[in-house]
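Protein sequence lines correspond, in order, to chains A and B. Going by my numbering, the first residue of the first sequence is number 1, and it counts up by one from there. Going by my numbering, the first residue of the second sequence is number 1, and it counts up by one from there.
In short, the hints are calculated from the structure, not lab data. Owing to the predicted nature of the structure, the values given are computational and were not obtained by experimental measurement. Don't be surprised by glycine CBs; every beta carbon is placed ideally from N, CA and C. Hints should not be assumed to be uniformly reliable.
[What the hints assert, rightly or not] The calculated label-pair distances, taken between Cβ atoms and stated as ranges, are:
(1) B:D269 x A:A392: 19 to 27 Å
(2) B:D269 x A:N159: 35 to 43 Å
(3) B:Q284 x A:K115: 14 to 22 Å
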Amino acid sequence: MIADHDTVADMVIVGAGPAGLAAIDTLGGQGLNIHVIDEQHRAGGQIYRQPPATFRVSNWMDGPLYDEGKALLRDVESRTDINWHFGTTVLGLFDADDPVKQVWLNGPDGAYTLKTRAVLIAPGCYDLPVAFPGWTLPGVMSAGGVQAFVKSQQIVPGNRFLFAGAHPLQLIVADQVLAAGGDVAAVVFSQSFREVFKALKHMSVLWRHQLKFRETAKVLGRLRKAGIPVIFNHSILNAEGQDAVTGARVVPIGEDGVIDSARARTFDCDRVAICYGFLPNSELVRQAGAHAEWDRQAGGWIIPHDRDMCSSVPDIYVAGEITGVAGAEVAAEEGRLAALGYLSRMGKNTGDSSIIQRRDIESRLKSLRGFADLLRQLSHVPQSLLDQLLSADTLICRCEGRTAADLETDLAPSPHFNTADGFKLASRFGMGLCQGRFCSHRVTQKLAQQSGLDENKVGGFSTRVPVKPVLIGDLLPK
Amino acid sequence: MALRDVLVIGGGLVGCASAFYLAKAGAAVRVVERGDLNREASGRNAGSLHFQLEHRLIEHGDAQAEQFAQIIPLNLMAIDAWSGLEAELGVDLEIIMHGGLMLAETPEQVARLEKKYALEQRWGLPTELLDKEAVLKRAPYLSDTVMAAGYSPQEGHANPRHVTLAYARAAAKAGVIFDTKTHVKSLKRDASCWHATIKHDDGKEELLKTQTVLNAAGAWAGQIAEMANIHLPVYPVPLLMNVTEEAPPLLDHLIQHAGRKITMKQVRDGQILIGGGWSSRFHQKNGRLDYDRAPEPIHENIIGNLAVATDLVPQLKNQHLLRSWTGIASVTTDQLPILGEVPEAPDFYVATGGSGFTLGPVYARLMSELILTGGTEAQIDLYSPRRFRHINMFMG
Numbered sequence: 001m002i003a004d005h006d007t008v009a010d011m012v013i014v015g016a017g018p019a020g021l022a023a024i025d026t027l028g029g030q031g032l033n034i035h036v037i038d039e040q041h042r043a044g045g046q047i048y049r050q051p052p053a054t055f056r057v058s059n060w061m062d063g064p065l066y067d068e069g070k071a072l073l074r075d076v077e078s079r080t081d082i083n084w085h086f087g088t089t090v091l092g093l094f095d096a097d098d099p100v101k102q103v104w105l106n107g108p109d110g111a112y113t114l115k116t117r118a119v120l121i122a123p124g125c126y127d128l129p130v131a132f133p134g135w136t137l138p139g140v141m142s143a144g145g146v147q148a149f150v151k152s153q154q155i156v157p158g159n160r161f162l163f164a165g166a167h168p169l170q171l172i173v174a175d176q177v178l179a180a181g182g183d184v185a186a187v188v189f190s191q192s193f194r195e196v197f198k199a200l201k202h203m204s205v206l207w208r209h210q211l212k213f214r215e216t217a218k219v220l221g222r223l224r225k226a227g228i229p230v231i232f233n234h235s236i237l238n239a240e241g242q243d244a245v246t247g248a249r250v251v252p253i254g255e256d257g258v259i260d261s262a263r264a265r266t267f268d269c270d271r272v273a274i275c276y277g278f279l280p281n282s283e284l285v286r287q288a289g290a291h292a293e294w295d296r297q298a299g300g301w302i303i304p305h306d307r308d309m310c311s312s313v314p315d316i317y318v319a320g321e322i323t324g325v326a327g328a329e330v331a332a333e334e335g336r337l338a339a340l341g342y343l344s345r346m347g348k349n350t351g352d353s354s355i356i357q358r359r360d361i362e363s364r365l366k367s368l369r370g371f372a373d374l375l376r377q378l379s380h381v382p383q384s385l386l387d388q389l390l391s392a393d394t395l396i397c398r399c400e401g402r403t404a405a406d407l408e409t410d411l412a413p414s415p416h417f418n419t420a421d422g423f424k425l426a427s428r429f430g431m432g433l434c435q436g437r438f439c440s441h442r443v444t445q446k447l448a449q450q451s452g453l454d455e456n457k458v459g460g461f462s463t464r465v466p467v468k469p470v471l472i473g474d475l476l477p478k
Numbered sequence: 001m002a003l004r005d006v007l008v009i010g011g012g013l014v015g016c017a018s019a020f021y022l023a024k025a026g027a028a029v030r031v032v033e034r035g036d037l038n039r040e041a042s043g044r045n046a047g048s049l050h051f052q053l054e055h056r057l058i059e060h061g062d063a064q065a066e067q068f069a070q071i072i073p074l075n076l077m078a079i080d081a082w083s084g085l086e087a088e089l090g091v092d093l094e095i096i097m098h099g100g101l102m103l104a105e106t107p108e109q110v111a112r113l114e115k116k117y118a119l120e121q122r123w124g125l126p127t128e129l130l131d132k133e134a135v136l137k138r139a140p141y142l143s144d145t146v147m148a149a150g151y152s153p154q155e156g157h158a159n160p161r162h163v164t165l166a167y168a169r170a171a172a173k174a175g176v177i178f179d180t181k182t183h184v185k186s187l188k189r190d191a192s193c194w195h196a197t198i199k200h201d202d203g204k205e206e207l208l209k210t211q212t213v214l215n216a217a218g219a220w221a222g223q224i225a226e227m228a229n230i231h232l233p234v235y236p237v238p239l240l241m242n243v244t245e246e247a248p249p250l251l252d253h254l255i256q257h258a259g260r261k262i263t264m265k266q267v268r269d270g271q272i273l274i275g276g277g278w279s280s281r282f283h284q285k286n287g288r289l290d291y292d293r294a295p296e297p298i299h300e301n302i303i304g305n306l307a308v309a310t311d312l313v314p315q316l317k318n319q320h321l322l323r324s325w326t327g328i329a330s331v332t333t334d335q336l337p338i339l340g341e342v343p344e345a346p347d348f349y350v351a352t353g354g355s356g357f358t359l360g361p362v363y364a365r366l367m368s369e370l371i372l373t374g375g376t377e378a379q380i381d382l383y384s385p386r387r388f389r390h391i392n393m394f395m396g
């Protein structure tokens, strides 16, 4: 037998965002062989996205909301007992069911594999893709994408932004754009002010999370002061422009939820930032064979887990947005919980203090999830609204050039398939470079709606290695 | 009154195509598929239309090679079938038959190609033997390690995502009833007919009476045969395939090799499919292989497959690997297809094994002819399940 203690890691952590950072913090000092993988060049994830080390940014992520996270980031980043793999993409997991698993990676010097006994998958989320006429024009971005530019480089990627969506993050990003010297045409919310008010009636939650609401109120104040219209009960109708965005049309939504395109008005802008919500980055953990469950409110395919944050695959832990999109604080608590769960299963750190720690985390999580639920209610977008935004020639699968009309016609002639995978095979939806990230959410729901089956029966597109495309030359032995 | 009624088990290429030909000839046909149509090997294979004798069939001595060469008449029928299939079904199946090259890079492989060529000539398969200069002239994208190639002008590829579904649509038009998400629970025979219990995924069960059963369950044909108290030596095998992003026009031919595991082709939309019999791995369940779960890809084999591909077509290094996927094909103990009525189970027919995609339309035509007329014009005794009587002689 070969002793493989030196070559097999104890834990590979995928994602150095809030969940990963908290897990590293908790796992520290135990003499474990830990590897951390992140596509970015520095730790922090999307929320604490840092400028490159060579940049000096004096007012990076100001504000009390970020203070705790920044402190944790500073602590963890300086640790020397962690093997960091930055600028590195996880391509897949092999032998996921076995005691020793293989993680397939592509780093700055090409592809390689790591052997490990456990994996914590905490890759966060991405913006919900929303298709409408003009959404593939250069200049249409996700609010998250805009924010990434501003945070990492203090660069405003455009001149005049129209924000449209349902998630309050767009207020924050609009404020950050203004602060960084950009211009904002308007911030458009699809929900009515009354809906927001109704959701806010849960005063206890409001009280416990008053810091967040106070910050949001301040942001709203700054936007008003700058004369930026914040419009409720409206939706984007289309982005205009020949080769790039030159404007966007916005329409009111009637009492019945139907948009009134006759009453559209046009805003001049060169960027449209879309912010309708977020989808968990669940491709990798699903590729590893973990069970996933459909929860539209929580972002689509989310990963069920036990009390130790372990997925249905032994020793594959999950934390953060892939258990249901709920924000950075929940992610961090779940990262801690996963680390504690892992330690107790390893027979380490099983004393009273760990029990107390877990109890504290679980109680904080209860409160935080209450807030996340409220936020989901607040930012709910009915699928019927998103469906109204489509015209026949609107691309849904942008990689393969398949339109809304194609979706209808491909579904119509065949009563024979009722799984997303069967449909993908027959129609090309989801077969391109993005591997379905743009269209799978819609296709799954459409199939469910059409077949009368539950989304869990219809399933998502199966995820396969490599979970992101990779240059063949990078894969071959040098 | 229908000519005959047939229960087809399996909604893959062979099942759907057989249903089409049977219904067109007047039979009453019902297809039962436990999942969606075209979900297993029929839709997941790489779509090669290959007619040259594969190296795995000729590398084990002359006697065996002679035996395997007897498959050639089926290949000739397949060339005919594929050439007319789009017209027959009235749809675009992305069939491209621009020719295929089987490459040799060592003197030993060249000798194998020569032997193969002689066999093909004897059996009337139109192929050519190209020397290095001729190969590179025809296919300048190939590496100059290539020393020779067998060439079949009709080889090529079709889109496996479309073929089965096109047959299914034509079959439905001809009156075939499809039950998807439905599996067969039991098969019993009495003096007059077969009794099949089928169960739909919603829990509903049905008892069907049918004169004839056609087992077209591919890799699962052995499991279905067990319901009829029969052993069939057909084994599921887990394979691996790779596909690149859409690339500019690069490969004109179906590429195979006389000594290395590779098939390559560029489909109409530009992606390059790379496969050739590299393994994936079955999961285990309770100490047995789990044929009901997608096999797991093997890292070394993805790299191995791509290494052969880039050795032969160096420009492939500049393409992105989009996806590796796995699928379950089937292999019989003697590598020949199993086609025909099972002697121990009257009116129970089987069509599985062999090159199921390339030969699928031919299997289907033969089965329809055999079931409806009791015989076939082409000689197919070689493939009859009769050759496994020794396995079933103790099955009471």
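Hint check:
1. B:D269 x A:A392: 19 to 27 Å: Holds, since D269 (chain B) and A392 (chain A) (Cβ atoms, about 22 Å apart) stay within the stated range.
2. B:D269 x A:N159: 35 to 43 Å: 38 Å, holds
3. B:Q284 x A:K115: 14 to 22 Å: Since Q284 (chain B) and K115 (chain A) have Cβ atoms about 20 Å apart, the given range 14 to 22 Å holds.
Consistency note: the structure conflicts with none of the earlier hints.
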